[in-house]
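Student: Residues per chain are reported as follows:
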Amino acid sequence: MSRSVTAASGQARGGTSWWARTRESRFALALLIPSVIVVFGIVVYPVIKTLITSFYAVDSPFPKAWPGVGFDNYTKALSSAHFWSAVERTAYFTFVSTALELVFGIGIALLLYAPLRMRWLFRTIVVLPWALPTIVNGAMWRYMFNANYGVVNAALTQLGLLHAYKAWLSSPFQALNIVVLADVWKNTSLVAFFLLAGLTTIPRDLYEAARIDGVSAFQAFLRITLPLLRPAIVVVLVLRTIEAFKVFDIIYVMTGGGPANGTQSVTFYTYQRAFSDELFGYGSALAYLIVLFIFGLAAVYIRALRSEGYAVT
Amino acid sequence: MGDDQERRYTRRRFLGSAAASSAAFYLAACGGSSNSGGGSSGGTVTLNNLFQQQAGYSAEDIAGMTKEFEKAHPNIKVNNTLVAYEALHDKIVAAAPAGTYDVVLGDCIWPAEFGSKGIVVDMSSKVNELPASQIFPGAIQMAQYQGKYYGMPWILDTKYLYANKKMLLQAGKTTADLKTLTGMVSTLEALKNHGVVKYPFMGSWQQAEAVVCDYATLLGAFGGKFLDEEGKPAFNKGGGVQALEFMKMLLDKKLANPSSTTAIEEDVLKAFAAEQIAVNWNWTFQLAGATDPTKSKVAKADVAILHTPLGTASTAPGVNGGQPVMITTGSKHPDEAWTYIKFITSQPVQNNYVADSLPIWASSYQDPEVIKTAGSQLVSVAKTQLPDMILRPQVTDYNSASQELQVQIQRALLGKASPQSALNTAAGAFESSA
Numbered sequence: 062m063s064r065s066v067t068a069a070s071g072q073a074r075g076g077t078s079w080w081a082r083t084r085e086s087r088f089a090l091a092l093l094i095p096s097v098i099v100v101f102g103i104v105v106y107p108v109i110k111t112l113i114t115s116f117y118a119v120d121s122p123f124p125k126a127w128p129g130v131g132f133d134n135y136t137k138a139l140s141s142a143h144f145w146s147a148v149e150r151t152a153y154f155t156f157v158s159t160a161l162e163l164v165f166g167i168g169i170a171l172l173l174y175a176p177l178r179m180r181w182l183f184r185t186i187v188v189l190p191w192a193l194p195t196i197v198n199g200a201m202w203r204y205m206f207n208a209n210y211g212v213v214n215a216a217l218t219q220l221g222l223l224h225a226y227k228a229w230l231s232s233p234f235q236a237l238n239i240v241v242l243a244d245v246w247k248n249t250s251l252v253a254f255f256l257l258a259g260l261t262t263i264p265r266d267l268y269e270a271a272r273i274d275g276v277s278a279f280q281a282f283l284r285i286t287l288p289l290l291r292p293a294i295v296v297v298l299v300l301r302t303i304e305a306f307k308v309f310d311i312i313y314v315m316t317g318g319g320p321a322n323g324t325q326s327v328t329f330y331t332y333q334r335a336f337s338d339e340l341f342g343y344g345s346a347l348a349y350l351i352v353l354f355i356f357g358l359a360a361v362y363i364r365a366l367r368s369e370g371y372a373v374t
Numbered sequence: 024m025g026d027d028q029e030r031r032y033t034r035r036r037f038l039g040s041a042a043a044s045s046a047a048f049y050l051a052a053c054g055g056s057s058n059s060g061g062g063s064s065g066g067t068v069t070l071n072n073l074f075q076q077q078a079g080y081s082a083e084d085i086a087g088m089t090k091e092f093e094k095a096h097p098n099i100k101v102n103n104t105l106v107a108y109e110a111l112h113d114k115i116v117a118a119a120p121a122g123t124y125d126v127v128l129g130d131c132i133w134p135a136e137f138g139s140k141g142i143v144v145d146m147s148s149k150v151n152e153l154p155a156s157q158i159f160p161g162a163i164q165m166a167q168y169q170g171k172y173y174g175m176p177w178i179l180d181t182k183y184l185y186a187n188k189k190m191l192l193q194a195g196k197t198t199a200d201l202k203t204l205t206g207m208v209s210t211l212e213a214l215k216n217h218g219v220v221k222y223p224f225m226g227s228w229q230q231a232e233a234v235v236c237d238y239a240t241l242l243g244a245f246g247g248k249f250l251d252e253e254g255k256p257a258f259n260k261g262g263g264v265q266a267l268e269f270m271k272m273l274l275d276k277k278l279a280n281p282s283s284t285t286a287i288e289e290d291v292l293k294a295f296a297a298e299q300i301a302v303n304w305n306w307t308f309q310l311a312g313a314t315d316p317t318k319s320k321v322a323k324a325d326v327a328i329l330h331t332p333l334g335t336a337s338t339a340p341g342v343n344g345g346q347p348v349m350i351t352t353g354s355k356h357p358d359e360a361w362t363y364i365k366f367i368t369s370q371p372v373q374n375n376y377v378a379d380s381l382p383i384w385a386s387s388y389q390d391p392e393v394i395k396t397a398g399s400q401l402v403s404v405a406k407t408q409l410p411d412m413i414l415r416p417q418v419t420d421y422n423s424a425s426q427e428l429q430v431q432i433q434r435a436l437l438g439k440a441s442p443q444s445a446l447n448t449a450a451g452a453f454e455s456s457a
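Protein chains in written order, with the working numbering: chain A, 62 to 374; chain B, 24 to 457.
Any given hint might turn out to be false.
[To be verified] List time: in silico BS3-like cross-link candidates among lysine-lysine, alpha-carbon distance up to 27 Å:
#1 B:Lys260 / B:Lys248
#2 B:Lys114 / A:Lys125
#3 B:Lys188 / A:Lys307
#4 B:Lys277 / A:Lys227
#5 B:Lys140 / A:Lys125
#6 B:Lys293 / B:Lys215
#7 B:Lys255 / A:Lys137
#8 B:Lys293 / B:Lys221
#9 B:Lys188 / B:Lys255
Simulated from the structure, these hints should not be mistaken for laboratory data.
Taking the hints into account, I'd like the entire structure generated from these sequences.
Tutor: Dropping the structure here:
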């Protein structure tokens, strides 16, 4: 049946002229060209240009010369203590923020899934932090933790939990953890909604059967919810880890990378080298190294997704 | 068949229309460009400029000057974009290849970098037409690199010492006690010991250029230099080390607010206005902010603006915080840009906007109207502070070297390195720049 239809359509096509056949293709091409130009202009061209630039010592937006340096920019980056310190801080930020977002996300997802009155209202409230622009979120947390007029100091001293105002962002490690907190506050809702979608796919019958068998709520969570939620957890981990590794804007607004480079992430380090120092060649090499790190992370997660039975090609 | 013809016709029409529209857009764009570029043909020219919204002239001042300019030059339309100082440098660099801006506000530390890298144009022939001898010498320096002008001096500023007279009196002190750094420390101790305020001083010591400016003020007071005669780093010796030790001592003795290491100038102004501190260094804009009753708890009569204190050196130069206006290399309208620059830097215009920034013209400081508007207190201290200013190094990679200096100063202030070793590390960055 299928073969005869194909043969018939082939005959039909054979009956039309070459001009008529190619007219369809040309029309399709004409429609595609604008988007091809846009994609090439804003994605492909910069990607290729950045790769080329990474092999040159370009230190101006108007370079008088393009001295080729081979892989020197890459070796310089990989042997730079500043670079590896930034990678370490980024790894810490990525691990801690993603882990906290996952833990809180599961809790919130379970609450939002519970048959509560006004559930729609809770769901709306929970999504608000994620809807907030990162720049606004960063500025808000910066003001909240301001040592002299921040609400955190005011609240804690009035509750008697702190005897004097504290300069929260003045210690490098503490400042990094506060940036983590700000990121967790913003992105936990995204994780929660992903997991909520996962929860809705778990058949309720399983819980009823477990309840009849005398399984406690905690055991049901461990034996039913978590295993069946694993695919959703893996997907959200992939997304959040890669996003967290690219953290930039919240740091730019909250701390500017300080104090003493204590919150300088690898993307912020790259930005400073490329735009503040105008080391465009070196900055391009750093950008490609970040891409390689993210490829590495993605490869790990793709393996994990495959093990979950997802068809990843 | 008829259907097919109609479809064909529709496609043709569609493609034809698309082509016609594209051509129309292209021509419109070209037309706009040629119109905006044709200052001589009588069309309207649009200038896109980049300024800062922080110290120096306020957003209202810049809008006011621009409005006057547009009134005087109806064929030139001006679009001003204002960003925070911290974003200014990178925005100029990122926008340079696209030629987004015609006029940009620079800083006195950027002519070397922007000039040598072709981001801004050499304006020497234009600036030399002006009576440079009537401009404060410190103002002239801000736009120069290797004898060429890469901008026209505009914002003339330095960090003055501010004090709350009422709080000083409560501690049994007066502004006369703040003439030297030794006197300043004993005043801060008195303020603390009398319980007037927990942390009497605050610095803008965040990891930003602000910390270098405060450090530069002390460097001058202790007789130090950024670079020696050969252009090699000298701030890791003598006065340079003493300056950083002084900053650390203020934190260690809890005379300086511990949040100093996370503060920029606006945070310091807010702390002063809220009477959380009694003494600080800041740019001219603090005077307007601290005496504004809608923003400040401090009574106008209690705000003192003073010459920076003397250290071990015979003079106490302030940091040169001058900011020139520059024309970008990518500007399509350099002549109109210069017309705008000449207007906003002219003496009559600058004399009209003295609340946040004083004019570059020396004779303005004798003008009764300027003295009346700016206040005799500010003008009299400016007369002695502005002719004696310390310029940060004019090196092409200043930004990169300064970032290392900022980090190392913070490491010393946070107790993660000794002042000497921190400055030695920072000197390495300037060594390669120099």
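Student: Take the hints in turn and mark each one as holding or not.
Tutor: A quick look at each hint next to the structure:
Proximity of B:Lys260 to B:Lys248 is assessed by CA-CA distance (about 9 Å); at most 27 Å being required, the pair is judged to hold. Taking the CA atoms of B:Lys114 and A:Lys125, the gap is about 21 Å. The hint holds against a cut of 27 Å. The hinted pair formed by B:Lys188 and A:Lys307 fails the criterion: a straight-line CA distance of about 49 Å is larger than 27 Å. Taken as a hint, the B:Lys277 and A:Lys227 pair is honoured in the structure, with Cα atoms around 13 Å apart against an allowance of 27 Å.
Of the pairs offered as hints, the one joining B:Lys140 and A:Lys125 holds, with about 8 Å between alpha carbons and a cut-off of 27 Å not exceeded. Our distance criterion of 27 Å between C-alpha atoms is met by B:Lys293 and B:Lys215, whose separation comes to about 20 Å. Distance restraint check for B:Lys255 and A:Lys137: the Cα-Cα separation of roughly 25 Å lies within the 27 Å cut-off, and the hinted pair is therefore satisfied. As the CA atoms of B:Lys293 and B:Lys221 are separated by approximately 16 Å, the hinted pair is consistent with the 27 Å bound.
Note on B:Lys188 and B:Lys255: the hinted pairing is violated, with a Cα-Cα distance of about 42 Å set against a maximum of 27 Å.
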